[in-house]
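2 protein chains.
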Amino acid sequence: MSNTEKGILYLIPSLLGDSVIERSIPAFNKEIIQSLEEFIVEDLRSARRFLIKMGSKPIDSLTFHLLNEHTTHGNISPYIDGLLKGKNVGLLSDAGCPGIADPGADVVRLAHKHGIKVVPLVGPSSILLALISSGLNGQGFSFHGYLPKKQPERGAKIKQLESIAYRDNQTQIFIETPYRNDALLQDLLSACRPDTLLCVASDITLSTEYIRTATVKEWRAEKRSFNDHPAVFLIGK
Amino acid sequence: MSNTEKGILYLIPSLLGDSVIERSIPAFNKEIIQSLEEFIVEDLRSARRFLIKMGSKPIDSLTFHLLNEHTTHGNISPYIDGLLKGKNVGLLSDAGCPGIADPGADVVRLAHKHGIKVVPLVGPSSILLALISSGLNGQGFSFHGYLPKKQPERGAKIKQLESIAYRDNQTQIFIETPYRNDALLQDLLSACRPDTLLCVASDITLSTEYIRTATVKEWRAEKRSFNDHPAVFLIGK
Chain A
2 MSNTEKGILY
12 LIPSLLGDSV
22 IERSIPAFNK
32 EIIQSLEEFI
42 VEDLRSARRF
52 LIKMGSKPID
62 SLTFHLLNEH
72 TTHGNISPYI
82 DGLLKGKNVG
92 LLSDAGCPGI
102 ADPGADVVRL
112 AHKHGIKVVP
122 LVGPSSILLA
132 LISSGLNGQG
142 FSFHGYLPKK
152 QPERGAKIKQ
162 LESIAYRDNQ
172 TQIFIETPYR
182 NDALLQDLLS
192 ACRPDTLLCV
202 ASDITLSTEY
212 IRTATVKEWR
222 AEKRSFNDHP
232 AVFLIGK
Chain B
2 MSNTEKGILY
12 LIPSLLGDSV
22 IERSIPAFNK
32 EIIQSLEEFI
42 VEDLRSARRF
52 LIKMGSKPID
62 SLTFHLLNEH
72 TTHGNISPYI
82 DGLLKGKNVG
92 LLSDAGCPGI
102 ADPGADVVRL
112 AHKHGIKVVP
122 LVGPSSILLA
132 LISSGLNGQG
142 FSFHGYLPKK
152 QPERGAKIKQ
162 LESIAYRDNQ
172 TQIFIETPYR
182 NDALLQDLLS
192 ACRPDTLLCV
202 ASDITLSTEY
212 IRTATVKEWR
222 AEKRSFNDHP
232 AVFLIGK
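The listed protein sequences correspond, in order, to chains A and B.
Per my numbering, the first sequence runs over residues 2 to 238.
Per my numbering, the second sequence runs over residues 2 to 238.
In short, the hints are calculated from the structure, not lab data.
Hints are supplied without guarantee of correctness; some may be wrong.
Said to hold, decoys possible - For lysine to any residue, the following SDA-like pairs were computed, each having C-alpha atoms within a straight-line distance of at most 25 Å: (1) Lys86(A) - Ser62(A); (2) Lys150(B) - Lys160(A); (3) Lys118(A) - Lys150(B); (4) Lys238(A) - Ala215(B); (5) Lys114(A) - Lys150(B); (6) Lys114(A) - Leu190(B); (7) Lys160(A) - Asp169(B); (8) Lys114(A) - Ala215(B); (9) Lys114(B) - Asp183(A); (10) Lys158(A) - Arg168(B); (11) Lys118(B) - Ser62(A).
Kindly generate the complete structure, drawing on both the sequences and the hints.
In structure tokens:
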């Protein structure tokens with residue numbers, strides 16, 4: 002079976018929270034979404050809400066496959082059956098770009114293994130938008146997902162990342178569950194050197210967006226809370 | 002002077018090559034561009050061409066500041082004079098997102114230092130789009146810019162990045178000057194283990210887009226040339 006007879010796997014970014022479509026999504030994505038009947042999604046409720054906003058075919062006529070941290074890797078091979086039969090399929094994350102800080106990469110890898118064409122659509126990524134807005138080095142950077150939850154592992158990890166930031170001039174990027182943001186901020190302010198640059202980028206693309214880069218010393222004098230606001234944290238020299 | 006009296010620094014992604022606006026740029030970006038009279042740009046010619054496409058004010062009425070690898074850091078402080086006086090300013094890269102793999106970060110950092118609000122607009126980033134399309138780990142990744150040009154440093158660097166990819170399950174991302182893509186591909190195929198996964202993502206968002214992830218062993222049997230096509234290279238386990 003040649004490549005052209007198979008379907009295309011579209012990687013479809015969704016909104017970051019309750020932001021405006023025109024702020025974040027190119028018009029082309031709407032066209033693609035409106036042409037699709039099958040989706041692999043991280044969260045069913047948020048996917049349906051997003052697809053309705055984007056003017057998809059009637060929700061009840063669509064086929065959904067669930068791909069999240071509870072999906073076991075062995076169970077995803079039926080998800081590409083439609084693609085192998087020539088149907089185009091959309092991959093949707095809970096928020097932002099699929100395949101980054103979510104389990105979406107597994108299905109993309111499977112697609113490549115079967116010679117299925119993968120087409121990424123443009124859209125918001127909180128990690129990328131945080132990086133470019135931070136003013137920290139964008140010519141060398143590293144994303145680590147979540148840091149260890151407990152001390153002393155967490156403090157040690159922060160100090161290790163800070164050393165790499167200085168040694169390699171490489172921006173270090175990580176995230177936290179939103180209700181723990183302030184705890185992470187305090188741990189960063191305790192562990193890092195006063196001159197280290199810290200960026201907190203929260204509510205990106207929302208009307209409440211707040212992005213600030215300052216030294217750890219300057220942050221120590223701040224009283225701002227980031228709890229319950231999705232945020233990306235970055236440190237650099 | 003309070004923050005609200007200063008202008009906003011908009012980070013404005015541009016097209017990756019000669020791609021279609023609606024494929025890559027949200028409608029909101031057009032509104033912002035049409036409202037601006039001052040830009041900090043990496044390359045004057047490509048910036049003008051892009052701004053005209055986006056329906057900017059007449060090009061001759063706009064103020065441009067040049068920020069590229071020849072700009073010395075000390076010379077950029079006048080670039081934020083307009084912002085300090087309350088004017089909104091746009092920062093534009095040669096292609097894709099400003100502040101990533103270009104010198105744009107310097108002016109963003111300066112803006113933060115002066116309490117100027119920084120607002121990132123959504124748009125295409127070849128590095129991010131390559132990452133999500135690769136199927137390689139998107140929960141841990143690292144971008145290194147360009148690898149050393151000469152051997153044996155280059156081979157040693159590739160082997161070092163491959164070790165990190167295995168040890169930390171961290172995707173390693175790098176780029177090359179397009180006319181040297183095939184040479185880099187050959188060096189990767191010589192230095193890496195047969196089972197290592199390699200993704201080459203080229204001409205992203207263009208009609209000639211080609212993205213493939215396969216093992217090094219599989220790539221060795223390929224004869225495809227990527228020279229003169231902008232490409233991102235990724236390795237993972």
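Out of the numbered hints, which ones does the structure contradict?
-> 2, 3, 4, 5, 11
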